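Note that the protein sequences, when read in sequence, are chains A and B. FYI, the numbering for the first sequence is 143 to 253, going by our numbering. FYI, the numbering for the second sequence is 3 to 399, going by our numbering.
By construction, these hints were calculated from the structure, which means they are not laboratory data. It should be emphasised that the depicted structure is a prediction, and the values quoted were computed from it without experimental measurement. Ideal Cβ positions, reconstructed from N, Cα and C, are used throughout, including at glycine.
Heads up, incomplete: computed chain B residues facing chain A, CB under 7 Å, no partners named:
hint: 1; residue: Asp154
hint: 2; residue: Ala219
hint: 3; residue: Phe223
hint: 4; residue: Ala231
hint: 5; residue: Gly233
hint: 6; residue: Thr237
hint: 7; residue: Glu240
hint: 8; residue: Glu329
Non-contacting residues of chain A with respect to chain B, defined by C-beta distances greater than 12 Å in every case (computed):
hint: 9; residue: Gly169
hint: 10; residue: Glu175
hint: 11; residue: Leu177
hint: 12; residue: Glu178
hint: 13; residue: Ala181
hint: 14; residue: Pro195
hint: 15; residue: Arg197
hint: 16; residue: Ala198
hint: 17; residue: Ala243
hint: 18; residue: Arg248
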Amino acid sequence: MSETDPRLLLLSPDDNVLVARAPIAAGEPIRVEGLELPAATAFSLGHKLARRPIRAGEAIVKYGAVIGTATADIPQGAHVHTHNVRSNYTATHTLEEARTAYEAAREVGKT
Amino acid sequence: MTELTGYLRADGRKGIRNRVAVAYLVECAHHVAREIAWPRRDEAHVIGFPGCFPNAYAQGMMERLCTHPNVGAVLLVSLGCESFNRFQLESVIRASGRPVETLVIQRSGGTAATIARGQAWVEATLAELSTQKRVPMEVSELVVGTVCGGSDGTSGISGNPAAGRAFDRLVEAGAACIFEETGELIGCEEIMATRAVTPELAGILRGSVAKAARYYATLGFGSFAAGNADGGLTTIEEKSLGAYAKSGQSRISGLIKPGDIPPKGGLYLMDVVPDGEVRFGFPNISDNAEIVEMMASGAHMTLFVTGRGSVVGSALAPVIKIAANPEMYRRLSADMDVNAGRIIEGTASVDEIGQEIYDLVLAAAAGRQTASEAMGHAEFILTYKSFEPIGPACLPV
Chain A
143 MSETDPRLLL LSPDDNVLVA RAPIAAGEPI RVEGLELPAA TAFSLGHKLA
193 RRPIRAGEAI VKYGAVIGTA TADIPQGAHV HTHNVRSNYT ATHTLEEART
243 AYEAAREVGK T
Chain B
3 MTELTGYLRA DGRKGIRNRV AVAYLVECAH HVAREIAWPR RDEAHVIGFP
53 GCFPNAYAQG MMERLCTHPN VGAVLLVSLG CESFNRFQLE SVIRASGRPV
103 ETLVIQRSGG TAATIARGQA WVEATLAELS TQKRVPMEVS ELVVGTVCGG
153 SDGTSGISGN PAAGRAFDRL VEAGAACIFE ETGELIGCEE IMATRAVTPE
203 LAGILRGSVA KAARYYATLG FGSFAAGNAD GGLTTIEEKS LGAYAKSGQS
253 RISGLIKPGD IPPKGGLYLM DVVPDGEVRF GFPNISDNAE IVEMMASGAH
303 MTLFVTGRGS VVGSALAPVI KIAANPEMYR RLSADMDVNA GRIIEGTASV
353 DEIGQEIYDL VLAAAAGRQT ASEAMGHAEF ILTYKSFEPI GPACLPV
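The shape of chain A in the complex, shown without the other chains (with noise of 0.2 Å):
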């Protein structure tokens, strides 16, 4: 059995993360270099995962290159992205805010 699920592509040998290179539910069972859980929450396509714990303050690298430090500590397995993750050179804009003020609002509406 592989140590890995085969829906989590590792790119080169030094990463530690996973892209999900297919959609995986929140609660699915996985399988990270050798752990078995459900995963944490829903993995879309592209996204990332921690291959082992990552510790806040450490570079995350994938394609065998540094790509951010993260800013908290990250369990193996668990989602890596801009909660977790700050780029070393500019910030990372996002409308995640703005999504959920707007999700929120439309929510109140309806009631």
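Using the hints provided, position chain B relative to the given structure of chain A.
Positioned in the frame of chain A, the structure of chain B alone reads:
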């Protein structure tokens, strides 16, 4: 094997399309230009510059674009009072051997009369262009650009490496290939520099990325859109490493700036970030600005890799759309030319998709419509910038 043919221009370059460019010289003339081109919009494409202040970069870009090998004739549409040097532009086009006419709205009786005159000119000119014969053309005479837009976590593992393979094939066949957006190479400068043909060029490549990093840091945002994060990309350097794969594995022959024509076949990095202090805002405000700059350097067509699903094409030069994400491909398949998402699903290799892209480049060059062409996409955008000329070490002989 596809037989390539092209339209021979007086400067020796060959075009793979024979378009009429209808060029507005200030935003105030945009509507009239659009109305002129509209009845024949598949063959008459609208390009132009919106600003009323003079700008050497915009002047140079318009001169290059109006004498692009895919352009057979040009109609200039001026309001009459803008600062754009239409006299010089018209002279450059005339010297290139192309039919050219300038309509000045303020002197042509206003909107309706200018549209009528312009439409008549376009009709007559297209009839004239249709008699031009195509002549044999070699792959080595092609200039191909590449860009990625709407990138996501799939772009860097499927579409971009496959476009890179196609680039390797083209460079091997003697074509000139251009990759760009130094702001999306931040984090790749050291690996990229090892591919330069000379140590001096290596330093120049590193310097171009350092300039981009400084420029974007001043602006406060990297070349990274909100949708990139939705698609799983976390940082600019992660996006960069994926984008970098489009360049393939060839040695890098030189660094050019928008409007510089590659002197021979090979792989070129285009430095798109302005020189000097930060002014005029973001270097390229959206994907089409990058396509326009590669066209100004002679690109006959552009390979466009997209993960989230960009639908754009371009005026003057066809765009080949490469879907990196198989889920997006299923939603937007009519907009896409190639499904590189098969690499992610394990049903095709990077080499196979690279070959498919290469074959499609030849087919599109031979006249086959791409998806965006078939749907009438002909986007164009040009904004203010300023550059210093490149030095001799940028193009080692």
